[in-house]
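Q: With the hints as your guide, set chains H, D and B onto chain S.
Protein chains in written order, with numbering that gives the first Met the number 0: chain S, 0 to 121; chain H, 0 to 349; chain D, 0 to 616; chain B, 0 to 343.
The set of hints was computed from the structure by calculation and includes no laboratory data.
A portion of the hints provided could be inaccurate.
To be verified - Derived DSBU-like pairs (lysine-lysine); straight-line CA-CA distance at most 35 Å:
#  : chain 1 : residue 1 : chain 2 : residue 2
1  : B       : K248      : H       : K179
2  : S       : K62       : B       : K36
3  : S       : K111      : D       : K301
4  : S       : K31       : D       : K571
5  : S       : K31       : D       : K433
6  : D       : K309      : S       : K31
7  : H       : K244      : S       : K3
8  : D       : K268      : S       : K111
9  : B       : K259      : S       : K62
10 : S       : K109      : B       : K224
11 : H       : K5        : B       : K140
12 : H       : K329      : S       : K3
13 : S       : K109      : B       : K140
14 : H       : K5        : B       : K149
15 : D       : K571      : S       : K111
16 : D       : K428      : S       : K62
17 : S       : K109      : B       : K259
18 : S       : K62       : D       : K309
19 : S       : K3        : D       : K156
20 : B       : K248      : S       : K111
21 : D       : K433      : S       : K62
22 : H       : K117      : S       : K3
23 : B       : K142      : S       : K31
24 : B       : K140      : S       : K31
25 : S       : K3        : H       : K5
26 : S       : K62       : B       : K224
27 : B       : K259      : S       : K3
28 : H       : K244      : B       : K248
29 : H       : K9        : B       : K248
30 : H       : K168      : B       : K259
31 : H       : K5        : B       : K36
32 : B       : K224      : D       : K301
33 : B       : K224      : H       : K5
34 : B       : K36       : S       : K31
35 : B       : K149      : H       : K168
Computed from a predicted structure; not experimentally measured.
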Amino acid sequence: MAGKRNFGFDIQGGGRQIDLDHADTSLASELKDAVNAWSACINCGSCAATCPSGQNGGLNFRKLHYQIRLELPTLQELSTLSSCLLCGKCQLVCPRGIPTRYLSIQIMQKTKHYVRENIPSV
Amino acid sequence: MKQYWKDYQKEIADDNYFYVRSCIRQNFFPGAENLFIDILKNKLGKTVFEDAEHTTCTGIGYHTDVVPLETTMTVIARQFALMKEKGYRNMIASCVTSFGLYSEVLDMWKHQPELKEKIAGYLMEATGRTFEEPENMVHASDILYKYRNEIASIAKYKLINKTTGEPLKVVDHIGCHYAKTFPERGVGGSEFPQVLTGLITAWGGQTVDYPERRHCCGFGFRNYLVQPNRGYSISQSKIKLESMKPYEPDLIIANCPGCSMFLDRWQYTLEETEGAVYGTCGNKIPVFTHEELAGLVLGYDPWEIGLQTHQVPVEALLDKIGVEYNPDLKYTDRQGNLIGEPELINQHVC
Amino acid sequence: MLERIFHPFDPFVLLFTAGMSFVGTFFLYKVIRWIEGLSASDKELLTNNIFSKKTWKALGEVVRESLLHKKIFGVNVRLGYMHMSLAFGWFMLILIGNIESVYYTSRLFKPIYVSVFWRFFEPGPTFPQGAYTPGFAFWMDLFLLFVLSGLAFAIYKRFHSIRLGMKRTTRQRPADRIALTALWLIFPIRLLAESATCGANGSGSFLTGSLGSLFASFINLDPLVLPLWWTYSFVLMAFFFTLPFTRYFHIPSEPVLIFLRKYGIRVSKESPGYTDLSLRACSSCGVCIDPCQLADALPGRKIQSSYFVKTIRHNEPSDVQWDCMQCGRCEKACPVGLELMPIRQNSRADLSFGTKSNLIGMNGRNGQSHRILYFAGCMTHLTPSIIRSMTKIFDQSGSSWQFYDSDGRACCGRPLKLAGQTDGANRIKEQLQKDFLASGAELLVTSCPICYRIFNEDYDLPGIRVLHHTQYILQLIEWNRIQVDQSKLNAAYHEPCELGRGSGVTHEPRELLSKLYLKDVTPDIEGLCCGGSLGGPGLTLATRRAVARGAMNDLSAGKPDVLITACPLCKKSFSPVSDIPVMDFSESVAQCLIEQSVQPELRKSTKTHRKLPVDAG
Amino acid sequence: MLENENHRIAVIGAGPAGISAAVTAAELGIDVDWYDKADQIGGKLNDYYQLFPDRTSAMNVLQEFDNLTGTARIHKHFGKAINHIEKNNGRLVLMSDHETVGSADSVIVATGFDFFDARNKEEFGYGMYNQVITSPELEQKLKTNPDSLKFDGEAPANIAFVHCVGSRDQQIGINYCSRLCCVTGIKQAIEMRELFPSCRVVNFYIDLRAFGSGYEELYREAQEKHQVQFIRGRVSEASENQQHRIVLKAEDTLMGRPLKITVDWVVLLIGMVPSCTQVQVADHQCTDQETGFLKAANAFTGHRLDGQPGIFMAGACGGPMSIPEAAASGKAAATEALQYLINR
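With the rest of the complex left out, here is chain S (with noise of 0.2 Å):
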């Protein structure tokens, strides 16, 4: 019958392309509203240089963040942020003085129940 057979490479779909008319942005619009200067973010990388779990834990602040503006992020995308120490040094660096720790503690609420299903042992 059609389908399922196996030629031995895989098709790939839309692959890495984010597409921005179906992408799942309801995260972003929440966040605009509890951290309204963060649509001012021009993705310098400051946040993301003194970050201290950035160095070596697996976080990248800014693009975690900015990628929440594009589309969801997926769960592993999402689980770096656990390593994030909410120390506020983004906070002190930010040349749009966007509430950088505030942000974070919020991304964190907002998808703590999306991410503690998931990932049992964050």
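A: Frame of chain S, contents of chains H, D and B only:
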């Protein structure tokens, strides 16, 4: 299509052609090249010379790093030498990759004359021949584009749906080596090439501009030749077919042997692996080359010009246009004995 | 038999009795719930201490605070008087009323209403006879007047609170307002009722008597007596019925809090009962609003503790949960002494993202053990001059030291705790504790008060003394291990909240300042927050700058040439808003350090107290 | 001021630069012959709706300019395009298609710029797809007919702005940055967000250059107040889908991943190119080889054209320039012309 693609007009010779064949086109669609010569000679009254000694342009080898550039250039110089010896000035390349390669070589010689001298030296040393650059070097589809109206005037059929009277929706796919490498060497440039759409509109069809129109067909030498990459090749075709599906095209035509083959063959594989079918009501979309389309319109017998070798069965389309054909003779040779039926035909006719 | 027990009786007393018994049972029920809600360890504290000296001390505090409201006098004398008069005055009315009624009926056990309405039942002339010998009526009138004077202040405060030392007062909830009006009506109506009775019978003392005869002179009081006592009983009932659901439940619950606190019980997640008790004990008097620096920076937003306690107590959703800077100024000012900071921290629900910080490695340790371990703190890496100065000071003092978080990847865990992430903070604590103890250091010096506080409060570091670098530098100077020449400038000291209020280190920095600068022009006010606090993540940059500017011009009252602080975060918060240099202690010490040959570190041997050279190791 | 009063300056071009040059020269007491190919003053200012950074209305600015030009010393000769200047014995002769139109002692060329023809960037489909327009066209629609910005009669759901179209692009031989398309894109993004509050506006940029005073604040306002989304990555391809919406392909270089979005409008922020009616001066080539804009002899010291005593340039004919800059350079050129006339 608005007109400013007219800024890209190329000069196409009108007779005395020196035809160089493609090394893979006749493997995939055996009738195509003979059909092209036949149309030129018998339908358009042109003189077409095909030199028995001419060889492959080594394009496939060159693009997969098997053949070094200088060897390719010497082989191409030999082709030009043959042409000069036979007294012809206008060359037609049957394959788009050859056309791209000839253009590239001529372009390199233009910018590095010393390279041309070196190749001339190699040729003399190897074959004792000297060569001259052709006055006019075009692709086979350019010729059909040039005489598309003459063909239309003597055409037996039109690309019109016999029952509904609607022009058939035809998707054109241009080989990348035709217009993308050297836009000014393609009719209409690289963004909105007209060489195939010209044929479609001239012969009564309706062109389709779908979002992934310029996307690669999946041929890409390194894609399909190397087994691990074959997944990329079929994925490109899938993206294209998915993008054209909403337009419900009746036919796809392409001017490069690779594109026509893969857009045709991969439809079978996609159905087998993913159950995806892109034509209307379960049919797949037939894929023709420009010569086959011309032959069809001019009334050649479909089995005569080798349409039965296509992966996607063509009967549904032939019925749509109203082409007479004898279904029983599909797999018989001239003497009428069976030449073997392909193992799997899943054909839905609605 | 019933009449005997309920003699004397009049139907109107039923209202008061119903109210009183309702409050009594409700309060009893709550006390049981509070005690049940204590953690096992807290229950033990209770049982061990209930019969100890602490109970007497607690009783003393109840009198000092619940009745006399001594702490409020600290805020403002008039405000103190108002509270004292209402509380102590009412208490005395009840006490003397009881004595009077017992004296007359010579029955110790009688219905509770008797003493309250005694004047109605026994309108008779004052006893003992004699125009001016003060009888019970006199004392009752005196304390009634005392309460009424407090009431006058309360009403006056409603319109000119500034006169009572409060720029802002709490905007009360509707239920509180009802209870308030009931409370305000009780005493005037009692005055009228008693005066009417006394007027009708020619009794009463200087207040009720004279007022009664005044009324009698122009109206016939007899028909008025009973209705007035009915209203009096009704108003009392109204107050008692609303009391448990309003701020006035503070009246019965504060003493319970005082006892439990005296026994050593503290707010913690494990003892929800004690937290609930603390919430009930809050009288939402509003004294905590003025000290809050956000009152000016975020006018109108109900962040202050008196509002915050309400939102948790009535578990209303609130978005200001993240706005408080946790600087502790309200906690310091709270007359009831509630632990406002832990309450707020515990309210920040654990986001259970469960920070798994795998990043703390012993990066500073190079095998040898050194006497001093220097933990700069993550924020200090954004003020490199502090690190450079501390290095200079350590080297100049010849101490055997080692820089634990030299590559800036360590964190003490307190920022997580401030955001309610207790398990994340604990995970870091375990790791750091292991590292510190393994380092063999005896002294842990840190430049950041936030780290200093958690090291002291939560970390368990047997054999290691934790010092903030101001304390350590002061010791170096006192031991003459380093010399500084005093600069000619005047300086003001900004006391970081976590160091001063948070950890009680107030003396050493001022001492060090006097050694470094000509004149210490620090204004004499409660420590101000710099606005940069990690405690208030929700604050926008603009708010933080506003707080910093407010604190800055308070601190520059004494026209300092330099502002000195002891925390990298405070330094970074003040620099953008200050036009005078903002320096950390370490920087100014390093600046005026007298270079000289490095003396070997002398170890004060514990046994012989003679100073022995330490093997530098 | 001048010994003989019959000195005359010719100003070619009536845009902001030309206006301020003519007005300044007149106020300095010299008679001005003022030429422009159009019939009224203002040049491109007539087609603008609101000007960055504070979005003052273009009509008001034009009105203010117009009020200045009422002096008697200015003689308008509008409607004819000067495209050639000849020198004969110290006088400069102005020619329009080889027909002499006038002469002057000194000439200020203020012929302005043209917008880049977006058709040359075929891959964006300008001229092929109706939903692909350029920033001046959007400005015109905002000014005269905002309703035409609806799509199928409703508010557009998605709008994309593409920065750097016809600037910083080796493919079309225009390597300079046109400086002002970024801030235009920010302004127009805000205007679209205000016109259609429910629509998502995305600006695709390479480097966002908001250098002028007030530009960065406008950028931040666009981000924070109007929620305009800025994505770093240049659109490489635009194709039309069945509903005639445009499917854009780009890479989000900050995510390092390819990106696709379907939009109702694509606004191409086209750059500035030298004006096609560039003035030729006698035998001398006084334009910059690389860019084609007029070239000053010494850009640091003044506006005199290279190798042409007495001929000065003002405004965007010398390179991409904002309106305030053009007006300022007009005044400078006029004073330089006066100095030239005095010292001659």
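Q: Evaluate each hint against the coordinates.
A: Here's how the hints hold up against the structure:
1. Between K248 (chain B) and K179 (chain H) the alpha-carbon distance is near 18 Å, which keeps this suggested pair within the 35 Å criterion.
2. Among the hinted pairs, K62 (chain S) with K36 (chain B) is inconsistent with the structure: their alpha-carbon atoms are about 52 Å apart, more than 35 Å.
3. Under the criterion of a C-alpha separation no larger than 35 Å, the hint pairing K111 (chain S) with K301 (chain D) is consistent with the structure, at around 27 Å.
4. For the hint pairing K31 (chain S) with K571 (chain D), the CA-to-CA distance comes to about 27 Å; that is within 35 Å, so the pair holds.
5. For a cut-off of 35 Å, the pair hint linking K31 (chain S) to K433 (chain D) is broken: about 41 Å separates their Cα positions.
6. Restraint check for K309 (chain D) and K31 (chain S): satisfied, since their Cα atoms lie roughly 28 Å apart, inside the 35 Å limit.
7. Under the criterion of a C-alpha separation no larger than 35 Å, the hint pairing K244 (chain H) with K3 (chain S) is consistent with the structure, at around 21 Å.
8. At most 35 Å may separate the alpha-carbon atoms for a hinted pair to count; K268 (chain D) and K111 (chain S) meet this at roughly 20 Å.
9. Taking the CA atoms of K259 (chain B) and K62 (chain S), the gap is about 19 Å. The hint holds against a cut of 35 Å.
10. The straight-line distance between the Cα atoms of K109 (chain S) and K224 (chain B) is roughly 23 Å, inside the 35 Å bound, and the hint therefore holds.
11. For the suggested pair K5 (chain H) and K140 (chain B), the alpha carbons sit about 29 Å apart, so the restraint of at most 35 Å is met.
12. Proximity of K329 (chain H) to K3 (chain S) is assessed by CA-CA distance (about 30 Å); at most 35 Å being required, the pair is judged to hold.
13. A threshold of 35 Å between alpha carbons decides the hint, and for K109 (chain S) with K140 (chain B) the separation of about 42 Å lies outside it, so the pair is violated.
14. Restraint check: the Cα-Cα separation between K5 (chain H) and K149 (chain B) comes to about 32 Å, which is no more than 35 Å; the hinted pair holds.
15. The suggested pairing of K571 (chain D) with K111 (chain S) holds, with an alpha-carbon distance near 32 Å, which does not exceed 35 Å.
16. Restraint check for K428 (chain D) and K62 (chain S): satisfied, since their Cα atoms lie roughly 29 Å apart, inside the 35 Å limit.
17. Proximity of K109 (chain S) to K259 (chain B) is assessed by CA-CA distance (about 27 Å); at most 35 Å being required, the pair is judged to hold.
18. Of the pairs offered as hints, the one joining K62 (chain S) and K309 (chain D) is violated, with about 40 Å between alpha carbons and a cut-off of 35 Å exceeded.
19. Pair hint K3 (chain S) plus K156 (chain D) does not hold up; C-alpha atoms about 83 Å apart against a cutoff of 35 Å.
20. Of the supplied pair hints, the one linking K248 (chain B) and K111 (chain S) holds, its CA atoms being roughly 34 Å apart against a limit of 35 Å.
21. Distance restraint check for K433 (chain D) and K62 (chain S): the Cα-Cα separation of roughly 33 Å lies within the 35 Å cut-off, and the hinted pair is therefore satisfied.
22. For the suggested pair K117 (chain H) and K3 (chain S), the alpha carbons sit about 55 Å apart, so the restraint of at most 35 Å is broken.
23. Proposed proximity of K142 (chain B) and K31 (chain S) is supported: the alpha carbons are some 32 Å apart, at most 35 Å.
24. About 31 Å separates the Cα atoms of K140 (chain B) and K31 (chain S), which keeps this hinted pair within 35 Å; it holds.
25. For the hint linking K3 (chain S) to K5 (chain H), the alpha-carbon distance of about 47 Å lies beyond 35 Å, and the restraint is violated.
26. This hinted pair checks out: K62 (chain S) and K224 (chain B) have alpha carbons roughly 22 Å apart, not beyond 35 Å.
27. A C-alpha spacing of about 29 Å is found between K259 (chain B) and K3 (chain S), which places the hinted pair at or below 35 Å, so the restraint holds.
28. Restraint check for K244 (chain H) and K248 (chain B): the C-alpha separation of about 19 Å stays at or below 35 Å, so the hint holds.
29. Our distance criterion of 35 Å between C-alpha atoms is met by K9 (chain H) and K248 (chain B), whose separation comes to about 30 Å.
30. Taking the CA atoms of K168 (chain H) and K259 (chain B), the gap is about 26 Å. The hint holds against a cut of 35 Å.
31. Pair hint K5 (chain H) plus K36 (chain B) holds up; C-alpha atoms about 30 Å apart against a cutoff of 35 Å.
32. Of the pairs offered as hints, the one joining K224 (chain B) and K301 (chain D) holds, with about 25 Å between alpha carbons and a cut-off of 35 Å not exceeded.
33. Simply put, K224 (chain B) and K5 (chain H) have alpha-carbon atoms about 46 Å apart, too far for the 35 Å limit, and the pair is violated.
34. This hinted pair does not check out: K36 (chain B) and K31 (chain S) have alpha carbons roughly 51 Å apart, beyond 35 Å.
35. Taking the CA atoms of K149 (chain B) and K168 (chain H), the gap is near 30 Å; set against the 35 Å cutoff, the hint holds.
In the structure shown, a violation is registered for the earlier hints numbered 2, 5, 13, 18, 19, 22, 25, 33, 34, in ascending order.
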